[in-house]
Amino acid sequence: NAGVMQNPRHLVRRRGQEARLRCSPMKGHSHVYWYRQLPEEGLKFMVYLQKENIIDESGMPKERFSAEFPKEGPSILRIQQVVRGDSAAYFCASSPSTGTPSNQPQHFGDGTRLSIL
Amino acid sequence: AQTVTQSQPEMSVQEAETVTLSCTYDTSESNYYLFWYKQPPSRQMILVIRQEAYKQQNATENRFSVNFQKAAKSFSLKISDSQLGDTAMYFCAFSGPGANSKLTFGKGITLSVRP
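Each protein sequence line maps, in turn, to chains A and B. So in this note's numbering the end of the first sequence lands on 117, straight run, no missing numbers. So in this note's numbering the end of the second sequence lands on 115, straight run, no missing numbers.
Incorrect hints may have been included.
To be verified - Partial pick of chain B residues on the chain A-facing surface, computed with a CB cut under 10 Å:
1) S7
2) V13
3) F35
4) Q39
5) S42
6) R43
7) M45
8) F68
9) K73
10) S82
11) L84
12) T87
13) K102
14) G106
15) G108
As the list claims (entries may be wrong) - Between beta-carbon pairs, the in silico distance windows are:
16) B:A1 x A:R78: 24 to 30 Å
17) A:H10 x B:I46: 41 to 47 Å
18) B:S80 x A:R64: 26 to 32 Å
19) A:M26 x B:R114: 33 to 39 Å
20) A:R78 x B:G85: 33 to 39 Å
21) B:A16 x A:R64: 48 to 54 Å
What the hints assert, rightly or not - Keeping only pairs whose Cα atoms sit at most 20 Å apart, straight-line, the calculated EDC-like set for lysine to aspartate or glutamate is:
22) A:K44 x A:D86
23) B:K107 x A:E41
24) A:K44 x B:E61
25) B:K73 x B:D26
26) B:K107 x A:E40
Calculated directly from the structure, the hints in this document are not laboratory data. We treat Cβ as the ideally placed atom computed from N, Cα and C, and that holds for glycine.
Given these sequences and hints, build the entire structure.
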């Protein structure tokens with residue numbers, strides 16, 4: 001049973017470019033969460049999505065960042081016009097469709113390490 | 001808003017010994033979930049153990065156990081018979097009830113197991 005798949009593992013962008021990070025949840029999981037980890041810090045919640053719906057985006061920066069989880073295909077975290085401060089590891093996690101979200105532990109992908117030149 | 005505090009930035013333990021990692025949290029919720037995640041140098045996030053706040057019994061997973069003190073809002077992780085593979089960063093995390101499922105993490109603690 002494949003785990004949460006994130007790609008790419010490493011992404012290098014120049015300032016002003018766009019970064020697209022992909023996350024395929026575990027089979028049978030319809031809840032997806034994105035977190036950001038700055039160097040030497042813990043993970044910070046960004047956004048929580050279910051299929052075709054954003055449930056909680058309270059951790060997302062107001063500008064340049066967006067997320068989607070379409071009916072078909074992976075969840076995408078998109079960062080437009082990247083700046084040096086966007087350099088971080090971005091983790092995706094998923095949890096099962098059954099039960100209440102908080103009753104199910106989140107399973108994490110290996111993360112995407114984004115570096116901005 | 002919930003907060004999670006891990007005040008020890010790093011700890012070291014001799015192989016085969018026992019070590020306890022501290023975590024405190026703050027919340028106004030009466031029911032919630034607490035987690036310890038391990039992040040080895042490979043950067044994966046691995047769930048170590050989970051505690052449900054309405055359960056008084058402390059969770060145990062093999063060599064890992066917790067000391068959950070609800071009134072004190074304390075949730076420490078005990079690692080028995082430490083192994084070299086336990087070397088990692090350990091994060092304490094909180095999740096609220098129902099739809100409030102996002103995880104709030106502490107800053108983490110770096111644990112080094114010495115041979």
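Right, here's what the structure says about each hint:
1. Checking B:S7 against chain A by beta carbon gives a least distance of about 13 Å; that is not within 10 Å, so the hint is violated.
2. Against a cut-off of 10 Å between C-beta atoms, the interface hint on B:V13 is violated, since the closest Cβ of chain A lies about 21 Å away.
3. Hint status for B:F35: holds, given a least beta-carbon distance of 7 Å to chain A, under 10 Å.
4. Checking B:Q39 against chain A: minimum C-beta separation of about 9 Å stays under 10 Å; hint holds.
5. With its C-beta approaching chain A no nearer than about 8 Å, B:S42 sits inside the 10 Å limit, and its interface hint holds.
6. Among the interface hints, the one on B:R43 holds; its C-beta lies about 6 Å from the nearest C-beta in chain A, closer than the 10 Å criterion.
7. Taken as an interface hint, B:M45 checks out: its beta carbon lies about 4 Å from the nearest beta carbon of chain A, inside 10 Å.
8. The criterion of a C-beta within 10 Å of any C-beta in chain A is not met by B:F68, whose closest approach is roughly 16 Å, and the hint is violated.
9. Evaluation of the B:K73 hint against chain A yields a violated restraint, the C-beta minimum of about 18 Å exceeding 10 Å.
10. This hint is violated: B:S82 has a C-beta 22 Å from the nearest C-beta of chain A, more than the 10 Å allowed.
11. Contact between B:L84 and chain A, as hinted, is not supported at the beta carbon level, the nearest pair being about 22 Å apart and thus beyond 10 Å.
12. Taking 10 Å as the C-beta cut-off, the interface hint given for B:T87 is violated, the closest approach to chain A being about 17 Å.
13. Interface hint at B:K102: satisfied, since its Cβ lies 4 Å from the closest Cβ of chain A, which is below the 10 Å cut-off.
14. Below 10 Å, beta-carbon pairs count as interface contacts, and B:G106 has one with chain A at about 6 Å; its hint therefore holds.
15. Given hint, B:G108 at the interface with chain A, holds; its Cβ is 5 Å from that chain's nearest Cβ, closer than 10 Å.
16. For B:A1 paired with A:R78, a C-beta distance near 27 Å keeps the hint of 24 to 30 Å intact.
17. At roughly 20 Å, the beta carbons of A:H10 and B:I46 sit outside the given window of 41 to 47 Å.
18. For B:S80 and A:R64, the Cβ-Cβ distance of about 46 Å falls outside the hinted range of 26 to 32 Å, so the restraint is violated.
19. For A:M26 and B:R114, the hinted distance range of 33 to 39 Å is satisfied, since their beta carbons lie about 36 Å from each other.
20. For A:R78 and B:G85, the Cβ-Cβ distance of about 36 Å falls inside the hinted range of 33 to 39 Å, so the restraint holds.
21. Range check, B:A16 to A:R64: about 49 Å between beta-carbon atoms, so the 48 to 54 Å window is met.
22. A C-alpha spacing of about 13 Å is found between A:K44 and A:D86, which places the hinted pair at or below 20 Å, so the restraint holds.
23. Under the criterion of a C-alpha separation no larger than 20 Å, the hint pairing B:K107 with A:E41 is consistent with the structure, at around 5 Å.
24. Restraint check: the Cα-Cα separation between A:K44 and B:E61 comes to about 26 Å, which exceeds 20 Å; the hinted pair is violated.
25. For a cut-off of 20 Å, the pair hint linking B:K73 to B:D26 stands: about 7 Å separates their Cα positions.
26. Among the hinted pairs, B:K107 with A:E40 is consistent with the structure: their alpha-carbon atoms are about 8 Å apart, no more than 20 Å.
Of the numbered hints listed earlier, those contradicted by the structure are 1, 2, 8, 9, 10, 11, 12, 17, 18, 24.
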